[in-house]
Amino acid sequence: MRMNFQSKKMSGSASKDRMIAKFMQLTATGEKTASFCLSIHGWKLDEACDYYFSNPEKYARDHKQQIMVDRKKIQHLFDRYRDPSADVVSVSSSHDGLLRFFQDIQLDVYSINALIFSWRLGVVVQGQITREEFTNGLMALGCDSVDKLKSRVSQLDNDIRHPTKFKDFYQYTFTFAKDTGAKNLGIEDALRTWKIVLAGRFSHLEDWCTFIAQHDRRSITRDTWNLLLDFASTINSDLSNYDEEGAWPILIDEFVGWLRPRINTSTSSAMS
Amino acid sequence: MVSTQSTGPPVVTGDQLEELWTRLQLGLSDILSTGDTRNKSSLLEDADNLCIHGDKQDLYKKISREIEDHMRGCSASFCKLDFPDQTAFLRELADVWLKHSKQTYLIRNIFNYLERRYVISQHHQLLPLWELGAQTFRTEMMCVQNVSGRCIDSVLALIEQERCGDVIDGSLIGTITLMLRKLDMYRSDFEEAFLQQTNEYYRRQAVAQLHSTAVPEYLGYVTRSLEEEERRLRLYLGSSSRDQVIKTVETNLIGNHIEGLLEKGFDAMMDGSRFMELQTLSTLLSRVPEGVYHMCLYLYDYIKKRGLEIVMNPEKDKTMVHDLLEFKCTIDSIIEESFPNEDCVDVKKKAFEEFINKRPNKPAELIAKFIDGKLRSGNKEQNEEELEDMLDRVMVLFRFIQGKDIFEAFYKKDLAKRLLMGKSASIDFEKSMLAKLKRECGSQFTFKLEGMFKDIDVSKDLMSGYKEKDGSTVDLGVTVLTTGYWPGYTPDTAVVIPSQIAKTLERYKVYYLAKHSGRKLSWQHSLSFCTIRASFNTTSEKKVDQRKELSVSAYQGVVLFLFNSATKLSYPQIIEATGIEEEQLQRTLQSLACGKVRVLRKTPQGKDIDTGDSFEVNTDFKHKLFKIKINQVQTKETTEENTNTTEKVFQDRQYQIDAAIVRVMKARKTMTHPVLVSELYNQLKFPVKPTDLKKRIESLIERDYMERLKDDINTYHYVA
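Going line by line, the protein sequences match chains A and B.
For the numbering used here, add 10 to where a residue sits in the first sequence, where the first one is 1.
For the numbering used here, add 22 to where a residue sits in the second sequence, where the first one is 1.
It should be emphasised that the hints constitute simulated quantities derived from the structure, not laboratory data.
Cβ atoms here follow ideal geometry from the backbone N, Cα and C, with glycine treated the same way.
Some hints could be false.
As the list claims (entries may be wrong) - 25 Å max Cα-Cα, derived DSS-like pairs, lysine-lysine: (1) B:Lys711 / B:Lys327; (2) B:Lys717 / A:Lys193; (3) B:Lys717 / B:Lys402; (4) B:Lys380 / B:Lys717; (5) B:Lys434 / B:Lys482; (6) B:Lys717 / B:Lys384; (7) A:Lys205 / A:Lys193; (8) B:Lys84 / B:Lys204; (9) B:Lys732 / A:Lys193; (10) B:Lys460 / B:Lys396; (11) B:Lys327 / A:Lys175; (12) B:Lys340 / B:Lys326; (13) A:Lys158 / A:Lys175; (14) B:Lys482 / B:Lys439; (15) B:Lys326 / B:Lys426; (16) B:Lys716 / A:Lys193; (17) B:Lys732 / A:Lys177; (18) A:Lys54 / B:Lys732.
To be verified - Residues of chain B clear of chain A, computed beta-carbon distances all greater than 10 Å: (19) Asp58; (20) Asp91; (21) Leu128; (22) Tyr140; (23) Asp265; (24) Gly395; (25) Asp411; (26) Glu430; (27) Lys445; (28) Arg685; (29) His695; (30) Lys716; (31) Arg730.
Pulled out of the complex, with its shape left as it was, chain B reads as follows:
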């Protein structure tokens, strides 16, 4: 600010300019030595005047020199000092810098006019005053006697100490780094050395820590290290190096040891369902390239490994489904809690599908049996909601299975038993299960099953109609099964039914055929059951009539009825009189004479039935209950039934393969072997081996459905 009014026209003499400068010089000297000066406002005036009337260039030079001289002096005395440690050195340096900063700032304020009117226009050649001060500091202080080198070494050393756990003066570091930035020395002199040191430090640490700690602890260490670096950057180092520092830490602690980490600790964490630890692992791995990719590989292998343990061991068959459900549940929660990303969900699905199908057929069979167990009456384990939930979870397992036809065969067989023996817990559950299967596999899959339910309903109606019409007193229930809907049963028309019952059955038959004249009915006695009132005459003096009501299978009933007209019968005699197939008969006799409830006595005693055995009524028979069930034999599955069911499915598969081959060959007329095989794989819905296909192809060649080309044994031709 120029004051013009008070003293008249402006002063411009050389002497006066000299005077102005002298005063200013003194002022500068004050500032530079003490950091402040008394008469700021008059100094300002002088500065402005000198600027306006004097040589600006010269003034600038003079200021520059003052600062320079002063700096040199500072530097000299600084370098003479002895410092006990690095912190002290840095402290002194910081002190000098701060003072200098303040001084430069003040000087700049005073010569503000010069700055604005001259320096800025000369910006190509001249530094602004602040920058001038900074540069002077750099050249006269830092670049002298390796002050900068010492400074950086000290800072790095302190950081290293802090990393190792010591407490250091963080704000001091902050000041120094800020100084370096302002001196334009941060990037050029400090940063690279800092990054290298960081890299080296964490490289060593990784090896040491991995070696000495378990994975969960290591993960904790990594997390803490990252946090610490972030904190240090935030509080004192400034954020310009942040990305590189963090990347260095990540690379050294995680990126270079991904496989090592996973190999060492993944399985254990999974086994223990360590949600938090797995989540940490997942988070940390996601920070490095390919981290998640490798983790997914390990996840896949883990699921497959544990899954195979459940599925491949025949001794564990009894609990397979239960174990699988539990396993799936655990994996689901782990993935949800700790690996919430799409890739992991995909991996889970693939792994499950892979291991479940490694054991052909058994899982499908066991799942069907499991559902049967749940749908049977007497299953008091769960309430409605729990049961629905469990069945839904079973369906998820079912979805992974590739040979669904095995499941269908067993499910159908068990459903038939449930429906016919009245063993369903609730028709609603049955229907709900059916709906689930329909949603999963389509209506073709459930069409026959639905037919079975229809038969049951229709039979009920027919029965009430019959009872009305017939008015007989025999308590009869008939279910008419449509062939094709139900599993195949071996016909047993040779069985001799007691005449009384046979008459009743005949009457029903007449009634039915009157309604459906074109149809053919044949009785399936193996599926039938009845209640017999039996009275066992005791041989004791008491002569109390032991009366019991026995729930028995039709076969059992047929055998028992024989003893109404004979006291003792030999095994061959029973064969002849009943017409029951031998293996079945043996089982029947065993259930009557060798089990827990012995209504017949066998001579000689023993578990097996031989031709020399003879049977009679067990007159000493006692049981606490009046109504006794002996027909569980019908509901249990024999090993033959089991193998028969699977055999039928395999037979059926053969037919399907044949049909598919013929279909494809008929359409294309000529095909090479590999093309045919690949087309078949597309069409067939169950798992097949290449040998299975070859067998059928050979069979079809033998039966002249197709032939090989004369000159190319690899190509087939359809024979019309």
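If we strip away everything but chain A, and leave its shape as in the complex, we get:
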């Protein structure tokens, strides 16, 4: 699912303002950064966003995002939730700091926001946040208190609005979902994650999950995981532009082969 940006040649300053506002919303930056970046890239919103995301530091013009973030406060926050025995906030049965933390910042554990949050923090191991991840993550988010986090959490879906960002996020979820030592991702975890992250972005998500569940593959490779997103975003709903001779992974080839007759019968029954 791609979002269409309209890049018209704008002349009036009112339209420039509109663009700046839009840019700020998309990139969670300040006004100075937004207008700087846009002006460099000929006021083309699409391009400007792309460039910004690839190199955010280059364009940052607002001092510390107008909001002062207190590192010490963040450390205190971490200490409130951390495990007694390790320097992490985790889901250990005794302490359950992670769950309380999520509850306090109103983050639904099973939602996509939880995943986006983990991604922003760069969490490596599921079920725990290290001190470093916590600190650097909250700094990047510009939050040093539960209240600030609460409001930030509600805007998390912005962070994956741009396709490049979403791709990065999606590819991250593979690493996050699998066991740390394993190379590939187990089917159960894969299905669970797909249902969360690809909801609304993949017209054949349900079929895909049915297909995978009854297939004899027991794990998903990173390559197949990544390419599913390309499949979801570039292939037509009727599979008309799918090239079997192309470089698609075999599992996706098999899915198309499995899906095609089902599509044809449903369209023909719709017609009759």
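Using the hints provided, position chain B relative to the given structure of chain A.
Chain B alone, transformed into the frame defined by chain A:
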């Protein structure tokens, strides 16, 4: 000729000229009415004189008029005649013409002087006398009262009758057509109508004949028709229309029905090896454009169809190679006899290659087995020459196969068995076969096979050296196999060899390692065999010692030896005591206790070996022979062996694909998927499906040998 001398100066008076003409006129009249005249020589003289002294132009005109008048009269009387049929009409016409021709000829001779001295110089305005006569005939006879129309219709009708089988007066037709030619009317009045009629006739005939006769008969009809037309043209119609007539016949009878003919009759003729009929078909088709082209298509389809029937049916596997050889032989002779042109030979090759490879792997395996059968001793079917010939023909089949590595694996396995069990019929045949394979596939293919032969020879030398040195009495033969040359064997060092034999083996090992200190030797008992002297004590009163010599495999021997120190043994006990792998052991026990030759008795009886079974020596064992072979079990191929062999080849293919991908990617660093796939197809010598390649690519991506480009999922990049 002018005679001047006798009568003095020449006569030139007008009266005399008149006189001359009168005489000539009479003469002409004679000729024209009777066809001849009495005084030819004096007429000639008169003609010459009149020519010299008189008005030539006038004379010409007068002659012309005479002929014309006469012709008119002829025509009038001709047209009054009634003719019973067309033949009679033509006969009369021909008659008139012939007479006229003769007359004109005569007239021309008489007025030869005029012709030469006057007419020729006036050739722009005046026709030569012969042509004058012909033209007069045409205008006054033929073009009057539709005589020419009637004439042509009659001729066409007669030809049609002849085509339908009637006998007609051919020479009459010949005369008439010659007349038409001489009258310059053949092309303008006759030919087109004739060609149209021919076209129409054969168009109808084609449909009728095709409908009612089988193809071979039809071909006969076509051949005969062509011959008949040729004959007619040659004998009476003249050859100017020949090419067009023949082309019309060919087009109508063959050209417009090529597919119909082939569809209807080709396969049946091929099935029946009808050489003559096929040759006729081929000849006739070669006469029309695209005839041979279509025939080649049908030939291709036929070969493919029949070939697939032989190759694709698993129930026919036992006779596949034999059937293929026979089929190839038949096709070869048909093509040689009936289709001797390059295109057909090409078609044959393509078709064979196409169908043989439609069934992956099996033909290669069966060909290897077939050759094994022929090279084994005990093959008394053919003499040397026949065998050589047959092997050559098998090689031709082999050439078509695309997955030659399957053949190599089975051939090697069977060769190993032959060499180790001493089952080769003749080393010369083996070497000759090897040479054939080398010629066909190159020395890399046969390198390992040659190594196997070397091992055999070297082992023989080593053995004689050992025997000299050791001087033991045990009759021992050892073959040392170089790993890599021979097929892979599962090591079975756990097998417990009777100590006596084990000692001997150890002595050999010492001897060998003394010669080749860096090497490692391990015994492969599954391949070994021995002869055991056994004595079965009977339980009957006779107490005759039943002594036998048993040829057994090493495994069988190991099991039998156990009964030297135990009367009865359970299956688990035997497992423990022999160290033989269970599946092998079961087969061994079955061969000793459940087959035709039962040297052991199993309790309870039955074909399968269960843990509850127990074994003892069969004291009632009887056999008419003293020397008994029980070790065929080693030479037969089990289904596991078979699947193992093919599995190994597939494994190997995977490695080869991987290696090829890495090689190509390393060289080019970045490649798109289609380019990589096409490059791999070039490099790999065995058949691969696109999915096979994709599987390996994915595997290599997973193992981080290569990756996809970030922005282009269709392009790969080599990871150093």
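Evaluation of the provided hints:
no.: 1; hint: B:Lys711 / B:Lys327; in the structure: 23 Å, holds
no.: 2; hint: B:Lys717 / A:Lys193; in the structure: 17 Å, holds
no.: 3; hint: B:Lys717 / B:Lys402; in the structure: 48 Å, violated
no.: 4; hint: B:Lys380 / B:Lys717; in the structure: 22 Å, holds
no.: 5; hint: B:Lys434 / B:Lys482; in the structure: 20 Å, holds
no.: 6; hint: B:Lys717 / B:Lys384; in the structure: 23 Å, holds
no.: 7; hint: A:Lys205 / A:Lys193; in the structure: 21 Å, holds
no.: 8; hint: B:Lys84 / B:Lys204; in the structure: 24 Å, holds
no.: 9; hint: B:Lys732 / A:Lys193; in the structure: 20 Å, holds
no.: 10; hint: B:Lys460 / B:Lys396; in the structure: 19 Å, holds
no.: 11; hint: B:Lys327 / A:Lys175; in the structure: 58 Å, violated
no.: 12; hint: B:Lys340 / B:Lys326; in the structure: 20 Å, holds
no.: 13; hint: A:Lys158 / A:Lys175; in the structure: 23 Å, holds
no.: 14; hint: B:Lys482 / B:Lys439; in the structure: 17 Å, holds
no.: 15; hint: B:Lys326 / B:Lys426; in the structure: 21 Å, holds
no.: 16; hint: B:Lys716 / A:Lys193; in the structure: 20 Å, holds
no.: 17; hint: B:Lys732 / A:Lys177; in the structure: 11 Å, holds
no.: 18; hint: A:Lys54 / B:Lys732; in the structure: 24 Å, holds
no.: 19; hint: Asp58; in the structure: 94 Å, holds
no.: 20; hint: Asp91; in the structure: 92 Å, holds
no.: 21; hint: Leu128; in the structure: 90 Å, holds
no.: 22; hint: Tyr140; in the structure: 90 Å, holds
no.: 23; hint: Asp265; in the structure: 53 Å, holds
no.: 24; hint: Gly395; in the structure: 40 Å, holds
no.: 25; hint: Asp411; in the structure: 45 Å, holds
no.: 26; hint: Glu430; in the structure: 29 Å, holds
no.: 27; hint: Lys445; in the structure: 44 Å, holds
no.: 28; hint: Arg685; in the structure: 19 Å, holds
no.: 29; hint: His695; in the structure: 4 Å, violated
no.: 30; hint: Lys716; in the structure: 5 Å, violated
no.: 31; hint: Arg730; in the structure: 7 Å, violated
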